[in-house]
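Given these sequences and hints, build the entire structure.
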Amino acid sequence: MAITREKIQPEGIHVVIRAGQPAYTQVVTVSGSGKMIFVAGQLARDAAGNLVGKGDMRAQIQQVGENIKTCLEAAGATLADIVKTNTFVTDYVEFSKHGDMRARYFGPATPTSTTVEIRRLADPDAMIEIEAIAVID
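Sequential numbering of the sequence shown, starting at 212, is according to the numbering used here.
For the record, the hints were derived by calculation from the structure and aren't laboratory data. The structure presented is a predicted model; accordingly, all values stated were derived computationally and were not measured. Do not take every clue at face value.
[As the list claims (entries may be wrong)] So the derived label-pair ranges between C-beta atoms look like this:
#1 G223 - N261: 42 to 48 Å
#2 V238 - E342: 33 to 39 Å
#3 T326 - A258: 24 to 30 Å
#4 E222 - G243: 44 to 50 Å
[To be verified] Here are the simulated EDC-like pairs of lysine to aspartate or glutamate, each with C-alpha atoms no more than 16 Å apart in a straight line:
#5 K308 - D267
#6 K265 - E305
#7 K265 - D336
#8 K265 - D302
#9 K295 - E217
#10 K295 - E342
#11 K265 - D334
#12 K280 - D257
#13 K308 - E284
#14 K246 - D348
#15 K246 - E305
Just so it is clear, CB atoms sit at the ideal spot from N, CA and C, and this is done for glycine as well.
What follows is the structure, given as structure tokens:
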């Protein structure tokens, strides 16, 4: 049995719209047999472990997105297979200025998502960390 994903935007529940489309999905159901992939929280670190984009939220979002993409590819998945993201930011106002970057990486999937502003991440210069769950056949 193949995996079936159903995206649900319940009536009466607000969803942010960007460029005419939902920025995320309120509910995603997954049924059938397949594989679940859990990607650990990714900071904006390059392959050598150096933080990319100190003080630059946009550059950090891009590096985090590329890291998640690489992790998914290693497991045989793509960004479009993501069903859930959890995002932790140190400055929500700054993060919200870069919705186009989020859409670049997570727009095809419009996964369910949670974003939380926190005081600090594991690296004191990190501004964002994202973890993801994906499902593939």
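Hint check:
1. The given range of 42 to 48 Å is respected by G223 and N261, whose C-beta atoms sit roughly 46 Å from each other.
2. A C-beta distance of roughly 19 Å is found between V238 and E342, which places it outside the suggested range of 33 to 39 Å.
3. In this structure the supplied range 24 to 30 Å holds for T326 paired with A258, their Cβ-Cβ distance being about 26 Å.
4. The hint said 44 to 50 Å for the Cβ distance between E222 and G243, and at roughly 26 Å that hint is violated.
5. Annotation: proposed proximity of K308 to D267 holds, straight-line Cα distance about 12 Å (limit 16 Å).
6. Between the alpha carbons of K265 and E305 the distance comes to roughly 14 Å, so the proposed pair stays at or under 16 Å and holds.
7. For the hint linking K265 to D336, the alpha-carbon distance of about 6 Å falls within 16 Å, and the restraint holds.
8. Distance restraint check for K265 and D302: the Cα-Cα separation of roughly 14 Å lies within the 16 Å cut-off, and the hinted pair is therefore satisfied.
9. Distance hint between K295 and E217 is fulfilled; the C-alpha atoms sit about 13 Å from each other, no more than 16 Å.
10. A hinted pair counts as satisfied when its Cα atoms are at most 16 Å apart, and K295 with E342 qualifies at roughly 8 Å.
11. Under the criterion of a C-alpha separation no larger than 16 Å, the hint pairing K265 with D334 is consistent with the structure, at around 11 Å.
12. Taking the CA atoms of K280 and D257, the gap is about 13 Å. The hint holds against a cut of 16 Å.
13. Our distance criterion of 16 Å between C-alpha atoms is broken by K308 and E284, whose separation comes to about 28 Å.
14. Pair hint K246 plus D348 holds up; C-alpha atoms about 6 Å apart against a cutoff of 16 Å.
15. As the CA atoms of K246 and E305 are separated by approximately 35 Å, the hinted pair breaks the 16 Å bound.
Going down the numbered hints, you'll see the structure goes against 2, 4, 13, 15, while the others check out.
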